[in-house]
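Residue numbers (numbering that gives the first Met the number 0), protein chains in the order written: chain A, 0 to 128; chain B, 0 to 128; chain C, 0 to 128.
Among the hints, a few may not be true.
One copy or two, it doesn't matter: identical chains are merged, so the pair holds either way.
[As the list claims (entries may be wrong)] Capping the alpha-carbon separation at 27 Å, the derived lysine-lysine pairs in DSSO-like fashion look like this:
{"no.": "1", "residue 1": "Lys116", "residue 2": "Lys76"}
{"no.": "2", "residue 1": "Lys116", "residue 2": "Lys88"}
{"no.": "3", "residue 1": "Lys88", "residue 2": "Lys76"}
Simulated from the structure, these hints should not be mistaken for lab results.
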Amino acid sequence: MAHVVVEWTDNLEGQADIHGLLALIAATMREGEMFPWGGIRVRALKLTDYVVADGRADDAFVHITVTMGTGRAVEAKQRFFGDLFDRVKRHFAHLYETRYLALSLYVEEADEQVSFKHNNIHARFRSTP
Amino acid sequence: MAHVVVEWTDNLEGQADIHGLLALIAATMREGEMFPWGGIRVRALKLTDYVVADGRADDAFVHITVTMGTGRAVEAKQRFFGDLFDRVKRHFAHLYETRYLALSLYVEEADEQVSFKHNNIHARFRSTP
Amino acid sequence: MAHVVVEWTDNLEGQADIHGLLALIAATMREGEMFPWGGIRVRALKLTDYVVADGRADDAFVHITVTMGTGRAVEAKQRFFGDLFDRVKRHFAHLYETRYLALSLYVEEADEQVSFKHNNIHARFRSTP
Numbered sequence: 000m001a002h003v004v005v006e007w008t009d010n011l012e013g014q015a016d017i018h019g020l021l022a023l024i025a026a027t028m029r030e031g032e033m034f035p036w037g038g039i040r041v042r043a044l045k046l047t048d049y050v051v052a053d054g055r056a057d058d059a060f061v062h063i064t065v066t067m068g069t070g071r072a073v074e075a076k077q078r079f080f081g082d083l084f085d086r087v088k089r090h091f092a093h094l095y096e097t098r099y100l101a102l103s104l105y106v107e108e109a110d111e112q113v114s115f116k117h118n119n120i121h122a123r124f125r126s127t128p
Numbered sequence: 000m001a002h003v004v005v006e007w008t009d010n011l012e013g014q015a016d017i018h019g020l021l022a023l024i025a026a027t028m029r030e031g032e033m034f035p036w037g038g039i040r041v042r043a044l045k046l047t048d049y050v051v052a053d054g055r056a057d058d059a060f061v062h063i064t065v066t067m068g069t070g071r072a073v074e075a076k077q078r079f080f081g082d083l084f085d086r087v088k089r090h091f092a093h094l095y096e097t098r099y100l101a102l103s104l105y106v107e108e109a110d111e112q113v114s115f116k117h118n119n120i121h122a123r124f125r126s127t128p
Numbered sequence: 000m001a002h003v004v005v006e007w008t009d010n011l012e013g014q015a016d017i018h019g020l021l022a023l024i025a026a027t028m029r030e031g032e033m034f035p036w037g038g039i040r041v042r043a044l045k046l047t048d049y050v051v052a053d054g055r056a057d058d059a060f061v062h063i064t065v066t067m068g069t070g071r072a073v074e075a076k077q078r079f080f081g082d083l084f085d086r087v088k089r090h091f092a093h094l095y096e097t098r099y100l101a102l103s104l105y106v107e108e109a110d111e112q113v114s115f116k117h118n119n120i121h122a123r124f125r126s127t128p
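Based on the sequences and whatever the hints tell you, model everything.
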């Protein structure tokens, strides 16, 4: 299981490639052994109403929340998501130099004692980790 | 308190009855003793930008997140939500047989030490558990 | 870090000042010492599909979720967010007297062991707490 939500402020419209960011995140998750491909679900939520910091309309943010299963070592998560966040920063490097922008990434674990799944996408990747 | 968020990919539009799913979830929560009726709040978020698995546009998902108060036994939650998830699977059974689809349900507990409520809907159900 | 999400049902459209609520929340967070200004990010999600309680279309809700860093005393959080919630109740006082409405506020802590930030807004507030 791996759910990723990318919230982004619509004052980035036309400046940032958000779908490219989703594809970048999914591609990074397909590398390595941490995430079975069939469980990768990355989506964007475009924000149209927000107040950032002291309320300037040109303050932008992109906030990424990952929810994953339990049981991975903290160090492994720090390494994987630190690398992912470096890629996210590179994706936005030009914008970050030219406007106010806050990028962030949080990782949460789901309570797998009370979680349920039914997924026929996994079958496409039987031989994938 | 019982908050339910149903995220669904818009490639299910016209194929899946999402409002019917919300009604099914709320009705299931009104059964039994676990949830006071006045606190049931089920909503859908329609996703229009997403990347699933290896990025095929016809991969769909419906992801349900429940946030509830603390203090219920894990077994009671497993029983209640296992039954709910069975109903969710039946709701999507035809679609599941005919297209790529991932269904999932997670249950989280809110930190009730720092939560606040003000709700005049409860008054309609004074005699309800 | 301080992320606030305000979900609101669209049956409040034209009756409730939601952007004013976001501004009120951000202003309250700028008071005191708890939140560095540059990290305040408050946004609204307008809900267009929902089932509340027993499914009456005129049941409305506004649900606020705060995600913040770890390490604050429970008492400090109860005091700060209790005060914030009092302001939220005052913001909706007239509506609350005249229609069905559920207000709620939850506070969660992010796992800062696996969180990443890159934010050039902070620089505007170097001398702010």
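Evaluated hints:
In this assembly of identical chains, Lys116 and Lys76 lie within 27 Å of each other by CA distance both inside one copy and across copies; the values are 23 Å within and 15 Å between. For a Cα distance limit of 27 Å, the shortest separation of Lys116 from Lys88 across copies, 10 Å, qualifies, whereas the shortest one inside one copy, 32 Å, does not. For the homomeric pair Lys88 and Lys76, the shortest alpha-carbon distance inside one copy (18 Å) is at most 27 Å, but the shortest distance between copies (32 Å) is not.
Of the hints listed earlier, there is not a single one the structure fails to meet.
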